[in-house]
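Engineer: Top to bottom, those sequences are chains V and Y.
Numbering-wise (the working numbering), the first sequence opens with residue 454 and increments by one.
Numbering-wise (the working numbering), the second sequence opens with residue 4 and increments by one.
Where hints are given, some of them may not hold.
As the list claims (entries may be wrong) - Heads up, simulated EDC-like pairs for lysine to aspartate or glutamate below, C-alpha to C-alpha not over 20 Å straight-line:
id, chain 1, residue 1, chain 2, residue 2
1, V, 762, V, 742
2, V, 822, Y, 111
3, Y, 209, V, 798
4, V, 913, V, 874
5, V, 841, Y, 167
6, Y, 209, V, 742
7, Y, 209, Y, 167
8, V, 915, V, 904
9, V, 841, V, 914
10, V, 634, V, 611
11, V, 836, Y, 149
12, V, 822, Y, 149
13, V, 822, Y, 161
14, V, 633, V, 768
15, V, 868, V, 924
16, V, 616, V, 580
17, V, 822, Y, 112
18, V, 836, Y, 213
19, Y, 180, Y, 139
20, V, 822, Y, 213
21, Y, 180, V, 799
22, Y, 21, Y, 40
23, Y, 252, Y, 185
24, V, 822, Y, 32
25, V, 822, Y, 40
26, Y, 209, V, 801
27, Y, 209, V, 794
28, Y, 240, Y, 161
29, V, 836, V, 824
30, Y, 240, Y, 213
31, V, 469, V, 523
Derived by calculation from the structure, the hints in this document are not laboratory data.
In this text, all values refer to a predicted model and were calculated from it rather than measured experimentally.
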Amino acid sequence: MALSQVNAPIYEALRKFRKMRIVPFDVPGHKRGRGNMELTEFLGEDCMNVDVNSMKPLDNLCHPVSVIKDAEELAAQAFGAANAFFMVGGTTSAVQSMIMYACKGGDKIIMPRNVHRSAINALILCDAVPVYVNPDVNKELGIALGMSVTQVEQAIKENPDAKAILVNNPTYYGICSDLKKITELAHAHGMLVLADEAHGTHFYFGENFPVSAMAAGADLASASMHKSGGSLTQSSFLLMSERINSDYMRQIVNLTQTTSASYLLLSSLDISRKRLALSGREIFAETVEMAEYARAEINSIGGYYAYSKELVNGDSVYDFDVSKLSVYTLPIGLAGIEVYDLLRDEYDIQIEFGDIGNILAYISVGDRKRDIERLISALSEIKRRFGKSGTGMLTHEYINPIVSESPRRAFYAEKRSLPLDEAVGHVCSEFVMCYPPGIPILAPGELITHEIIEYIKYAKEKGCSMTDTEDINIERLNIIV
Amino acid sequence: MELWFTERHTPNVKFSIKVDRQIYSGHSEFQRIDVFDSKEFGRFLTLDGYMMLTEKDEFIYHEMITHVPMSVHPNPKNILVIGAGDGGVVRELTRYPQVESIDLVEIDELVVEVSKKYLPTTACRFDDPRVHIFYEDGVKFIRRCENKYDVIIVDSTDPFGPGEGLFTKEFYGSCFKALHEDGIMVNQHESPFYDEDAAAMQRSHKRIVESFPISKVYQAHIPTYPSGHWLFGFASKKYHPKDDYNGTKWSMLGINTRYYNPRLHAGAFALPNYVEELLKDVE
Numbered sequence: 454m455a456l457s458q459v460n461a462p463i464y465e466a467l468r469k470f471r472k473m474r475i476v477p478f479d480v481p482g483h484k485r486g487r488g489n490m491e492l493t494e495f496l497g498e499d500c501m502n503v504d505v506n507s508m509k510p511l512d513n514l515c516h517p518v519s520v521i522k523d524a525e526e527l528a529a530q531a532f533g534a535a536n537a538f539f540m541v542g543g544t545t546s547a548v549q550s551m552i553m554y555a556c557k558g559g560d561k562i563i564m565p566r567n568v569h570r571s572a573i574n575a576l577i578l579c580d581a582v583p584v585y586v587n588p589d590v591n592k593e594l595g596i597a598l599g600m601s602v603t604q605v606e607q608a609i610k611e612n613p614d615a616k617a618i619l620v621n622n623p624t625y626y627g628i629c630s631d632l633k634k635i636t637e638l639a640h641a642h643g644m645l646v647l648a649d650e651a652h653g654t655h656f657y658f659g660e661n662f663p664v665s666a667m668a669a670g671a672d673l674a675s676a677s678m679h680k681s682g683g684s685l686t687q688s689s690f691l692l693m694s695e696r697i698n699s700d701y702m703r704q705i706v707n708l709t710q711t712t713s714a715s716y717l718l719l720s721s722l723d724i725s726r727k728r729l730a731l732s733g734r735e736i737f738a739e740t741v742e743m744a745e746y747a748r749a750e751i752n753s754i755g756g757y758y759a760y761s762k763e764l765v766n767g768d769s770v771y772d773f774d775v776s777k778l779s780v781y782t783l784p785i786g787l788a789g790i791e792v793y794d795l796l797r798d799e800y801d802i803q804i805e806f807g808d809i810g811n812i813l814a815y816i817s818v819g820d821r822k823r824d825i826e827r828l829i830s831a832l833s834e835i836k837r838r839f840g841k842s843g844t845g846m847l848t849h850e851y852i853n854p855i856v857s858e859s860p861r862r863a864f865y866a867e868k869r870s871l872p873l874d875e876a877v878g879h880v881c882s883e884f885v886m887c888y889p890p891g892i893p894i895l896a897p898g899e900l901i902t903h904e905i906i907e908y909i910k911y912a913k914e915k916g917c918s919m920t921d922t923e924d925i926n927i928e929r930l931n932i933i934v
Numbered sequence: 004m005e006l007w008f009t010e011r012h013t014p015n016v017k018f019s020i021k022v023d024r025q026i027y028s029g030h031s032e033f034q035r036i037d038v039f040d041s042k043e044f045g046r047f048l049t050l051d052g053y054m055m056l057t058e059k060d061e062f063i064y065h066e067m068i069t070h071v072p073m074s075v076h077p078n079p080k081n082i083l084v085i086g087a088g089d090g091g092v093v094r095e096l097t098r099y100p101q102v103e104s105i106d107l108v109e110i111d112e113l114v115v116e117v118s119k120k121y122l123p124t125t126a127c128r129f130d131d132p133r134v135h136i137f138y139e140d141g142v143k144f145i146r147r148c149e150n151k152y153d154v155i156i157v158d159s160t161d162p163f164g165p166g167e168g169l170f171t172k173e174f175y176g177s178c179f180k181a182l183h184e185d186g187i188m189v190n191q192h193e194s195p196f197y198d199e200d201a202a203a204m205q206r207s208h209k210r211i212v213e214s215f216p217i218s219k220v221y222q223a224h225i226p227t228y229p230s231g232h233w234l235f236g237f238a239s240k241k242y243h244p245k246d247d248y249n250g251t252k253w254s255m256l257g258i259n260t261r262y263y264n265p266r267l268h269a270g271a272f273a274l275p276n277y278v279e280e281l282l283k284d285v286e
């Protein structure tokens, strides 16, 4: 019988497997949870029961021939891709596989600088060289936007030997570049288009969203099913167009992917794909309705600015994802990160992230109207209780980097540690970022400027959670000798 | 035939009432609503299986949540009631001639409709011209109010389900903002007895203490609520519930009550030691 979107082959195989009551003399050693009762009590017997290893009835992610292959075909169909892979190392592993597929040592790749760290990590792994297109910046909001088409065109002209272009679709804040145009340009110059769709899974299933990478004709896309798609944390999809050799891609993926893929993650991808394929349209209509409602209410509080499609400018903000609830907070005299902390500490509300000027609340179908009301009321209360004059707040969020060395060479170079202030003028050999959002302030190979050091200090002072330097207190930086 | 209504008070304790017959059962957008008749407690209303009121003991709850703030405030004119779709609080409020306006905010219209039809004991004053009903989430309604009310009565269900938002700091803060500079907020404050209820009680007390300069707790004995020992929160911007209380003045109003009286008012604020300690822990 032909499979369709109502099927979930991995999920179905696991259910069947459970009934077979196979005696386990294989890994995992907890043996359906019996060997670790405290964990079983915590996670539940049903969960431990399907934490099993690859075997004939359940297929093998490294070399899928049966149920995983079927599930991947259904996923490809659902996303409008030629092929799709189930990923268990997060969207990070999908992004890295895209880049390692497109680039070998020394190859150039065009990308905006406001990429996720996973993209730059991939450059360290495969020694590709980034050609950064500085994203446009909205000066008022202090956020990096998309890439303008003319700037991409310029980069292509100056680097005709580049192998690929990486595009955020959308950015964390919900901003999209003109992916279709960029794809046409890239293809005309023989370059691949890789889309980081960590925040864009819903584009494939909802209505009136920005165009998805596969629909725009891009070659590869990394879709974080675990963000808007509802699967378990760390599970993701890698999507391929017909231009991509999926068998070679599998070899690339297997370079770094575990050989013990978790069936909890795999089944969660399978079930979530089925759910979105069958009822994604209604699910995301509901999500958007909640986000739009919250946006209108937050804007009526005054001071806050919950932005949306009015930012669209036909180029660097070609489209906006209205399911995102991004709010600019500086007019109430508080940095985004301060509002983020107050929401959690004072009101028991955890949002996705706060940066210098903005907060982002992640809205999904799992939200309830009454929780949205709480969020709005808490923001209203924060303004009443903690709001002050909005003057004197640092706004800029994005600093154009000066790249002096390839990420790989900088990362592996002879280095030495210097206090922040003394590091100015040297080339950095490590990352500095706030997490979330995980977009580097400094990446290996970039020149450390006075402006960047001031920014790091300000972000620290406001309470941003800074990560990735060898010095855990971020008081010193590693520089290339 | 034996038909029993049972509510789980803790995972290990159940409370049951023998039911004569079920009068109504329905589902709204928010919850399941049931009305039963019983020999012992008369008619009673449950939401999602939790006891809201019985004809036999509702007077205790409604008198205590209403007359305590109404007798402390020297001149309460504009009143806001949140929850209370059964009409019990409104019934008590309409007995005060100086009250000019009663805004009732109930999230679930069906609760009011069912109460009007099946619970005439409590839902008997909705037609008073001073009463205005708003079917809205209380958290949302109060957010838009500023310096508007003398007394706010929060007659919530439990801190889970549709009433959850009425136990939050953002809600109490919004109430503070919605009150006049001498306003009073009283809320259903859960029970101190069973562990889980006590924890919820402490959580909400902490949030109120952080939101109001004066925050006291008083008690009543309500047989059909878990443990029967029930608390109310008295939060105020200016008036102290005992020091600023004039029992004689209230008595002069001639309001007939079955539970509340000026001596009880003073006594209700005297709490058992273990309750004092629970409260002190979070103050």
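Engineer: State for each hint whether it applies.
Structural biologist: Right, here's what the structure says about each hint:
no., hint, verdict
1, V:762 x V:742, "14 Å, holds"
2, V:822 x Y:111, "14 Å, holds"
3, Y:209 x V:798, "13 Å, holds"
4, V:913 x V:874, "14 Å, holds"
5, V:841 x Y:167, "30 Å, violated"
6, Y:209 x V:742, "34 Å, violated"
7, Y:209 x Y:167, "16 Å, holds"
8, V:915 x V:904, "17 Å, holds"
9, V:841 x V:914, "18 Å, holds"
10, V:634 x V:611, "18 Å, holds"
11, V:836 x Y:149, "14 Å, holds"
12, V:822 x Y:149, "23 Å, violated"
13, V:822 x Y:161, "18 Å, holds"
14, V:633 x V:768, "12 Å, holds"
15, V:868 x V:924, "13 Å, holds"
16, V:616 x V:580, "13 Å, holds"
17, V:822 x Y:112, "17 Å, holds"
18, V:836 x Y:213, "16 Å, holds"
19, Y:180 x Y:139, "19 Å, holds"
20, V:822 x Y:213, "26 Å, violated"
21, Y:180 x V:799, "17 Å, holds"
22, Y:21 x Y:40, "9 Å, holds"
23, Y:252 x Y:185, "19 Å, holds"
24, V:822 x Y:32, "12 Å, holds"
25, V:822 x Y:40, "34 Å, violated"
26, Y:209 x V:801, "13 Å, holds"
27, Y:209 x V:794, "19 Å, holds"
28, Y:240 x Y:161, "25 Å, violated"
29, V:836 x V:824, "19 Å, holds"
30, Y:240 x Y:213, "12 Å, holds"
31, V:469 x V:523, "16 Å, holds"
The earlier numbered hints that this structure contradicts are 5, 6, 12, 20, 25, 28.
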